[in-house]
Amino acid sequence: MTTCHVQASATIELYFYGELAPSERSGVERHLTACAECRRALEELTMIRSALELRPDVDAPPGGDWSRFMARLQDALESDAGASTARTTAGVSAFLSGRLAAVVAMAAVLALVTISVLAVLRGRGPATSTPAVPDRSAAAVSAPSVASAGPDAAASDAALTQFSGQHFERSKLVVLGLATKDPSTSSGADWDYERTLATSLLSDTRLYRLAAEERGMKTLAGVMRDLELVLLQTSMSEAPDAESLAQLQRLIRRRDLLTKMEVVATTGLVP
Amino acid sequence: MVDSDLITRAAGGDPTAFQALVERHRSMVYRVAFQFAGNHHDAEDIAQEVFIKVYRSLDRFRQDAQLTSWLYRIVMNACIDHRRRHSPAGSAPFGEEAEHKLLNTPEERPGPEASAYAGELGDVLQSEIARLPQGQRIVFVMRHHQGLKLCEIAEALGLAEGTVKRQLHAAVHRLRQALTHANVTAGGRA
Numbered sequence: 002m003t004t005c006h007v008q009a010s011a012t013i014e015l016y017f018y019g020e021l022a023p024s025e026r027s028g029v030e031r032h033l034t035a036c037a038e039c040r041r042a043l044e045e046l047t048m049i050r051s052a053l054e055l056r057p058d059v060d061a062p063p064g065g066d067w068s069r070f071m072a073r074l075q076d077a078l079e080s081d082a083g084a085s086t087a088r089t090t091a092g093v094s095a096f097l098s099g100r101l102a103a104v105v106a107m108a109a110v111l112a113l114v115t116i117s118v119l120a121v122l123r124g125r126g127p128a129t130s131t132p133a134v135p136d137r138s139a140a141a142v143s144a145p146s147v148a149s150a151g152p153d154a155a156a157s158d159a160a161l162t163q164f165s166g167q168h169f170e171r172s173k174l175v176v177l178g179l180a181t182k183d184p185s186t187s188s189g190a191d192w193d194y195e196r197t198l199a200t201s202l203l204s205d206t207r208l209y210r211l212a213a214e215e216r217g218m219k220t221l222a223g224v225m226r227d228l229e230l231v232l233l234q235t236s237m238s239e240a241p242d243a244e245s246l247a248q249l250q251r252l253i254r255r256r257d258l259l260t261k262m263e264v265v266a267t268t269g270l271v272p
Numbered sequence: 006m007v008d009s010d011l012i013t014r015a016a017g018g019d020p021t022a023f024q025a026l027v028e029r030h031r032s033m034v035y036r037v038a039f040q041f042a043g044n045h046h047d048a049e050d051i052a053q054e055v056f057i058k059v060y061r062s063l064d065r066f067r068q069d070a071q072l073t074s075w076l077y078r079i080v081m082n083a084c085i086d087h088r089r090r091h092s093p094a095g096s097a098p099f100g101e102e103a104e105h106k107l108l109n110t111p112e113e114r115p116g117p118e119a120s121a122y123a124g125e126l127g128d129v130l131q132s133e134i135a136r137l138p139q140g141q142r143i144v145f146v147m148r149h150h151q152g153l154k155l156c157e158i159a160e161a162l163g164l165a166e167g168t169v170k171r172q173l174h175a176a177v178h179r180l181r182q183a184l185t186h187a188n189v190t191a192g193g194r195a
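These protein sequence lines are chains A and B, in that order.
Going left to right, the first sequence walks through residues 2 to 272 as my numbering numbers them.
Going left to right, the second sequence walks through residues 6 to 195 as my numbering numbers them.
Hints in this document: simulated from the structure, not taken from any laboratory.
Distance windows between CB atoms, simulated: (1) Arg50(A) - Arg61(B): 32 to 42 Å; (2) Thr21(B) - Arg40(A): 50 to 60 Å; (3) Ser10(A) - Asp19(B): 45 to 55 Å; (4) Gln182(B) - Glu79(A): 41 to 51 Å; (5) Gln182(B) - Leu55(A): 17 to 27 Å; (6) Pro63(A) - Gln24(B): 17 to 27 Å; (7) His46(B) - Asp242(A): 23 to 33 Å.
Ideal placement from N, C-alpha and C gives every residue a C-beta, glycine not left out.
Make a model of the complete structure from these sequences and hints.
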């Protein structure tokens, strides 16, 4: 229990961090000669600093390798830049609107598929009955070391693909929801559900992507990366307006995400 | 080329200027994010979010402002947003009460005793830093690790300097308690 008013007022910390004016410093130094409690506080602050200084200074990804970080950032920025291009290029806009009808039609079919699969999954038990619940155990089980090889590796690759397919089914609720909304009539509240669900799915998507990368399953990792980008941008949408929604729809179309997810989810094959 | 020139060029659509800006500041951003998050996985996510937000806000940067202050604010907001999205409160509307709770609720992580068992004082402290309420952790990281003055932290976070001082005091108090719990005091290991 602190009994010294100097210490209780945070003056020792301010002294330690050099935040006091010279005259105040002199006053504290005089006080320190007479107050054992404040001296101990100062010594412990010094101990804290010394101990923390011995810890490694982490200012880069593992191995100092920024390449993956920069590539991921580049992907995110490209989608922003792509949106700008689409806004200013009439030809591209026309192409995109032409594609929209096809996407909406496909989305309607996929919605039926999703509903059917979810109905089946619900029938299997609680572990797969809640689409929005992250499936960490599945990711952990299906991501053994890359060093494994032979039949075991093939089996766990297949398991990862299967779990990924189930994850895509869950994620389609977000992607389909976004793809089928009309930006001109939808308000921000209309896609609150997709934003919340995207946030809850993001961590698992990252786990699956990392597992696929670790196992050298580049195509699956690529689809997961595209999905991760869409989920990240959805969850980060600070102003859920028509333009944000349209931008996300362009991203989904440009990456052909629905088709890729559908192939994995329904056939178990990685496109 | 100075930061403000890079920002101007990046805002004008020059991708190499933005890349130069990222390469110049990514270590600082990553360091703060790692100190805050305590692992690479979350640090990378936070750093990504920071540069995406910077990119989207290039045209809103005031040329007379300090880039580092602006960047710190974005980093700290990204840290808070990241924690918010990964906490149970993340799915609820984020009102004043939730904000207060988020900033002042200790993290659910292993306590200092467990780390002390491993015998490393640095580990004990790092563990306790990770358990600090968010507001205290942010202020401690900015003051202790980044060496920012209290007035600079206050400006970057948009808080009153007195608030920053209280958060720092509380953080230091908890770290000193962690030393005591780990049986390490100024007089040596007890």
